[in-house]
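Using the sequences and the hints given, assemble the complete structure.
Top to bottom, those sequences are chains A and W. Here our numbering is used: the first residue of the first sequence is 31, the next is one more, and so on. Here our numbering is used: the first residue of the second sequence is 31, the next is one more, and so on.
Worth flagging that the hints you see were computed from the coordinates, not collected in a lab. Predicted model only: the values in this text are computed from it and were never measured. We put the beta carbon where it would ideally sit given N, CA and C, even for glycine. Some hints here could point you the wrong way.
Here are the simulated DSSO-like pairs of lysine-lysine, each with C-alpha atoms no more than 30 Å apart in a straight line [what the hints assert, rightly or not]:
#1 LYS579/A <-> LYS65/W
#2 LYS65/A <-> LYS77/W
#3 LYS32/A <-> LYS279/W
#4 LYS240/A <-> LYS65/W
#5 LYS567/A <-> LYS214/W
#6 LYS279/W <-> LYS214/A
#7 LYS279/A <-> LYS44/W
#8 LYS44/A <-> LYS77/W
#9 LYS65/W <-> LYS279/A
Simulated restraints on C-beta separations [what the hints assert, rightly or not]:
#10 GLN180/A <-> LYS44/W: 40 to 48 Å
#11 GLY56/W <-> ASP469/A: 55 to 63 Å
#12 GLU572/W <-> GLU48/A: 40 to 48 Å
#13 ASN261/W <-> ALA96/A: 51 to 59 Å
#14 ILE115/A <-> GLU58/W: 31 to 39 Å
#15 ASN261/W <-> ILE134/A: 27 to 35 Å
#16 ARG190/W <-> LYS372/A: 42 to 50 Å
#17 GLU498/W <-> THR494/A: 55 to 63 Å
#18 GLN180/W <-> GLU423/A: 31 to 39 Å
#19 GLU572/W <-> ASP257/A: 13 to 21 Å
#20 ALA371/A <-> GLU58/W: 50 to 58 Å
#21 GLN180/W <-> MET243/A: 43 to 51 Å
#22 GLU48/A <-> VAL419/W: 58 to 66 Å
#23 ASP257/A <-> GLY56/W: 56 to 64 Å
Number of protein chains: 2
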Amino acid sequence: MKSDIEIAQGAKMKPIIEIAQQLGLGEEDLELYGKYKAKISPEVWDKIKGNKDGKLVLVTAINPTAAGEGKSTVTVGLGQAMDKIGKKVSICLREPSLGPVFGIKGGAAGGGYSQVVPMEDINLHFTGDMHAITATNNLLSAAIDNHIHQGNELSIDVRRVLWKRAMDVNDRALRQIVVGLGGKTNGMPREDNFLITVASEIMAILCLAKDLMDLKERLGRIIVAYDLKNNPVRARDLKIQGAMTLLLKDAIKPNLVQTLENVPAFIHGGPFANIAHGCNSIMATQYALKLSDYVITEAGFGADLGAEKFFNIKCRYGELKPNAVVLVATLRALKMHGGSAKDVLDKENVDTLKRGLNNLEKQIENIGKFGVPVVVAINSFLTDTQEEVKIVESRCKELGVEVALCKVWEKGGPGGIQLAEKLVDILNTKESDFKVLYDESLSIKAKIDIIVKEIYGGIGVEYTPRAEKAIRELGEQNLDGLPICMAKTQYSLSDDPHKLGRPQGFKVTVGDVRISAGAGFIVVLTGEIMTMPGLPKVPSAEKIDINEKGEILGLF
Amino acid sequence: MKSDIEIAQGAKMKPIIEIAQQLGLGEEDLELYGKYKAKISPEVWDKIKGNKDGKLVLVTAINPTAAGEGKSTVTVGLGQAMDKIGKKVSICLREPSLGPVFGIKGGAAGGGYSQVVPMEDINLHFTGDMHAITATNNLLSAAIDNHIHQGNELSIDVRRVLWKRAMDVNDRALRQIVVGLGGKTNGMPREDNFLITVASEIMAILCLAKDLMDLKERLGRIIVAYDLKNNPVRARDLKIQGAMTLLLKDAIKPNLVQTLENVPAFIHGGPFANIAHGCNSIMATQYALKLSDYVITEAGFGADLGAEKFFNIKCRYGELKPNAVVLVATLRALKMHGGSAKDVLDKENVDTLKRGLNNLEKQIENIGKFGVPVVVAINSFLTDTQEEVKIVESRCKELGVEVALCKVWEKGGPGGIQLAEKLVDILNTKESDFKVLYDESLSIKAKIDIIVKEIYGGIGVEYTPRAEKAIRELGEQNLDGLPICMAKTQYSLSDDPHKLGRPQGFKVTVGDVRISAGAGFIVVLTGEIMTMPGLPKVPSAEKIDINEKGEILGLF
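Okay, structure coming up:
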């Protein structure tokens, strides 16, 4: 089979104006970025806000393993399949980050015959959203250091500046730095850190903002530091939220592209899935719902993190009512959950597969706790055997859950017809009774406890002294009434990446707790979270090239 | 009179497709960025490269003073005036930098009724060129630090990494930093600096590249560090020039916008005018020349720096043959050169004006040394008196130089008809005999000597020990055969900003010499050059806002 980039470059893209027409939009509703990318003009909202919402479908997965699940590929392929069976459908995905493209080979725009295009553009500068977020993040940093330098009227404690600089590059040397060196004219020396742009709170804010004014309000709320009396200092105290909003005036507009089979794709916003909530923007999802009968979207990592945060954070703030969940699993990953080593996954192994099904089972249970109907999608690999597929099917039948084999990577939309038909059947017959899992006004510990016990299946939570102190302080400052954003390993239901399957009897250890007051959630850290990746020994950048005809080589 | 932004927001812009049609381009030749901005597709070059070149006119100025000269305004207004008298004209300007917009109020897109639009976009993210340059600059930085971290096969001396990180923000705290702290996983600790993006060598390279392959070649040539044996280490040694070129594949395409009077404006590239050459891109100028009968462009600072570098660097590499020069002066600035204080410039003062004319006189002489005909434009202020104007006119007559009063700030194109007509007359009657001032194969000191004596009117050059050593090393490594890029104060013909008028008998002191091997010039530093600005006590960012209708407030 051809490589992803060969398939993408062979795509017969339609002009984006035609894709927009499929959604009932005219050229005047678009801001074009070349022929195949557009942003939706903000004026469109007034025209469509009275439309009935389409049905919202979340694609999530079992806990990922080194074998890969292909959640984005299934999302794109399912959208294409829905289109093939005559449904008016859009997909909603996150925007990929530029930095990692030059690290390890591989983009983030689906795969095989289920990709979004133009994939090189989407993986490079796209419509400039990432760069706008970087600039906004760093304008705030400059304003903080300038305030300190110019007299520090707010008495910012230079040892407690929480706001970090950002850059969309994999650069370990920027993880920990000292700025302001070289004497009085260069500001006040202090320790600082760079995040990769997708880890910036600005990204999370952009994705949770309802509109431009809500964006400004949230930007103003960001807690950038503590002062010498231990009070939070916010971005609005620096009078910088207006300028920050201006820098994001275009970034906030949803982007429209298409899949290989010309299905409309909204690709907008891409927050980290650990220290943030890992979903595309609320605005893009709302536009898609008003313009389509079905919207297929996805969330980062497995259902214990991605779906939980999609429901408890994104749906809470966006007042979204998801109608169904597609839970993606691969036989290879299930076998790893059952104990298989990575190098024997190509061989049939019924026993480990059966053992590994407990991870799928728990994730099905979890979706049920939110009141949303679920269908399992087996993302097919060429090495899967019929015997193995039957095992998953019969277990799902026992659980009363529909399951479909999905071959969208290999075949595009036609490979997902079975899944699309089962999904439509569920949407027509099973009513979603969506509810969030906890009341945000509960104490921080009570909320964490619910997530750990209900979703992860743990027996309790332990807190380090650092976490205890952070929770106490947030409580004292009345900053604790926000949803929780768990930062946990994606590989296990527990906080130990090596405990695969369905671990039992474990406790989760919370190491630290932080607030993202602009985004509007409390970040709960379990274990080390890397917010600035590094490049490998031989970065893919060394193979990447462009020739005199403008052809791109070595990108994926 | 209205403010710049009020005038700009009231502009009757034509769709950029119509502006392109004025140049003979169709929609298929453009990559649209919304309705009013476009990039020219690279395929266009093959269609137009056989066209006859239009006439190239450089707008430059006397040495700037605190009173301002309005070079960009005259460039835009002259373009509009040429259009008014029926000429097929384009203008070529530099792209403004985003960072300074949030520092001190004021954009960089002309003024009054002679502006380029959409001016907010041009001053903010525009078509993303600055962000692409930032990303490219910092990918190279990441590659350098990653190489060191991963074993340092090239034996890069961490004390002699020349390449600096870049960001498009005014942020003094980033001027001098230490990176790579926090232990082994975070790379090797070393000192580093951030430049503002327009000061990055990538910007100069983009502006001097003839095409995509020349760009790649130049990027590969960048000297990023010295190794432990004192040999230069280049970007190509890190195998990173292909990925860097890919990041710039769109940035290299010229941008097309329009003036308030719908004249085509190519705004592309904006290198620093001190450590770089301060002109828009060669590619944009070449496209404009093939698509118009007249091209009006400008260069940074006064003619001693801007025009000298335009001729000796840009025209040399671009094989451009300028046909005429417009030398801009204001009576206010001439009075400052004659000794007036800033607060009495509004009053008539014939004596100081007469004294200050020697600056204009020297700049006229200098243009003559390049063999290019010159016309003087008096950029009119409402406080100018008739008596004063006559003094300038009669001195120009004595010198055999045409002069025209220019009211384009107040009146737009109609205010520049006199200038346009005189310019056309010169273009029709005086043949340009353009030549560069020196052979690039001369020694570094010989080239500096020519510039200082011929252009600045100095009597000699002194070198600090540091500069002597740098020149010796570049010679030993056969890296000295490049044009010179002088970094000198813009306020004086000498290297002392306080010596106004036409200083005599001075020597210039060279403090350091560096190579920009990718851009292809030797940077000669006289005095301190600031490559990362800071924010003022009350940054304009505090006043900038955007309201719920998307209206921008406080920007200019």
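List of violated hint numbers, smallest to largest: 6, 13, 18
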